[in-house]
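Here are the chains, one letter per residue:
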Amino acid sequence: MLTLIYLIAITAEAMTGALAAGRRHMDIFGVAVIAFLTALGGGTVRDIVLGRYPIGWTQHPEYVLLVVAGGLAAVLVARYMRHLNRLFLILDALGLVAFTIIGCDVALGMGYHPVIIVMAGMITGIAGGILRDVLCNRVPIVFRRELYASVSLLVAILYLGLNHLAMPHDWNVIASFAFGLALRLVALWREWQLPVFAYRHDHH
Amino acid sequence: MLTLIYLIAITAEAMTGALAAGRRHMDIFGVAVIAFLTALGGGTVRDIVLGRYPIGWTQHPEYVLLVVAGGLAAVLVARYMRHLNRLFLILDALGLVAFTIIGCDVALGMGYHPVIIVMAGMITGIAGGILRDVLCNRVPIVFRRELYASVSLLVAILYLGLNHLAMPHDWNVIASFAFGLALRLVALWREWQLPVFAYRHDHH
Amino acid sequence: MLTLIYLIAITAEAMTGALAAGRRHMDIFGVAVIAFLTALGGGTVRDIVLGRYPIGWTQHPEYVLLVVAGGLAAVLVARYMRHLNRLFLILDALGLVAFTIIGCDVALGMGYHPVIIVMAGMITGIAGGILRDVLCNRVPIVFRRELYASVSLLVAILYLGLNHLAMPHDWNVIASFAFGLALRLVALWREWQLPVFAYRHDHH
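Residue numbers (the UniProt record's numbering), protein chains in the order written: chain U, 1 to 204; chain W, 1 to 204; chain V, 1 to 204.
Treat the hints as calculated values from the structure; they're not laboratory data.
It is possible that part of the hints are untrue.
[Unchecked claim] What follows is a set of in silico ranges between Cβ atoms, one per label pair, in the way DEER data are often shown:
| id | chain 1 | residue 1 | chain 2 | residue 2 | range |
| --- | --- | --- | --- | --- | --- |
| 1 | V | Gln193 | U | Leu84 | 24 to 34 Å |
| 2 | U | Leu76 | V | Arg86 | 51 to 61 Å |
| 3 | U | Ile141 | W | Gly51 | 23 to 33 Å |
| 4 | U | Asn85 | V | His25 | 21 to 31 Å |
| 5 | V | His164 | W | Ala198 | 56 to 66 Å |
| 6 | V | Leu185 | W | Arg138 | 25 to 35 Å |
| 7 | U | Arg23 | V | Leu165 | 34 to 44 Å |
| 8 | U | Glu62 | W | Met110 | 17 to 27 Å |
[To be verified] From chain V, some residues computed to sit far from chain U (all C-beta separations above 12 Å):
| id | residue |
| --- | --- |
| 9 | Gly111 |
| 10 | His113 |
| 11 | Met167 |
| 12 | Ala175 |
C-beta atoms are modelled at their ideal positions from N, C-alpha and C, and glycine is treated no differently.
Whenever a hint applies, use it, and build me the whole structure from the sequences.
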């Protein structure tokens, strides 16, 4: 079940990555690279930071082909994607929660400290989008958008807390999804944002 | 032979990296760092992704000194380099093919899946240039230039295919070089480009 | 002693990272991420490059909490920080030297070649600031500021040289700090800079 959601999520992330590449007028190779990094970059950074080798997608070449295909498909259907905007926001929210839970599971299995487990969940959830934005030469949108990274943080804390309370894994996943999806969608709907820190004085 | 080409290639890549740093008015320390990353960054990213430790250049400090020297030399001869533009494009094409083949060899020797071997070749070929452009705060040129990353992709596939057909390594290297160099130089001459994906609607 | 300086330094680096995030109008989550990367990113890159697992901060979750707290505290006291500009420049110089020495020690303990040890010191000293600037979408300031990265380079060479001459570790640390701090502060005071390489001809 989590695997199916994961496959849907990396495909959706790849497609949104492709659109970001298109806004920079990249060629289709650049589109494929950005699609790959957006979808699989978060898990890659997590595995490197946790020292978990071999890295996930190197053992699943079919994931690589899937996200590249998703990115190229996005080029073909780009003109219709604006009508699917809401669908993609929901798939993106699904992906954010799925990535976060999977990241926590990986670090849990390696025996890391709870603070590091929460960070592993967040890295999996948001690092792909950060890599996409750095390669597209813009300030990462996850640092400025409606509650996004914070959803990942809260889902990771909830998931770890329920796990600590010995809730069965399946129920924990369902509860974390319900909470994370609801929070993200309400944040989108009500345009909830974290406080912004605007600093102007140039002290150097 | 491949080692000699590799040494020429990393020096040439370091020199072009130095010019990119000069366009951003960096100091000579920045020039040295960008030269290093352009020349050895691709192999570094490949080794980290494949989990191949120790990383190549940490066992070859002479490579580090060579590329830093190359970058600083470029500062001295910058005014003449425009006349050597064609020479550098040829050396850069040599480097692209050599890096790709070396990257494939590394992943082959570690027993990775063919899809991952091709990716290892491409990462070695293009990640250095991507790091250079990210640190110079511009959209990576490999995503927009005449056939470049695609040359790396096709060379990797050809090299792996001929290897699979049991062609002797030396012949395989020669065939891959002939194909890759010819394709890159014709692409430069005829200004072949991949289709560009220009996406304007801002769906966020 | 070195640990105490290290804790002061990562807190100070986190606070300056937070100000950089504030200049980009990031939300407080972005502030926390940039604070973390500025303070602990250098050690992370060093550990990944040297293949030293587990990575430092994953075994010290209290460091993660400290730098995040430092970053958020900077938001609260930002309006007073301009009056503390000199203090922060001194703390930043302390951090640069402390990071460099710690990085050299790590690579020394792993038996790397002297050239790689010097690079490990510099990576620890400056990579955090480079990550901060890349995520804030600007050309890394360490490539253009008054002697900064070069202070790290010279401290690393001095430290390694005195170590080679069998100077006791404590004396070596004191000598390296005295040299590094003095050099950095004089460079700030006299606005010493490395020569800048300005290259205008666009040869592509």
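So which of the earlier hints does this model not fit?
Violated hints: 1 and 7; rest satisfied.
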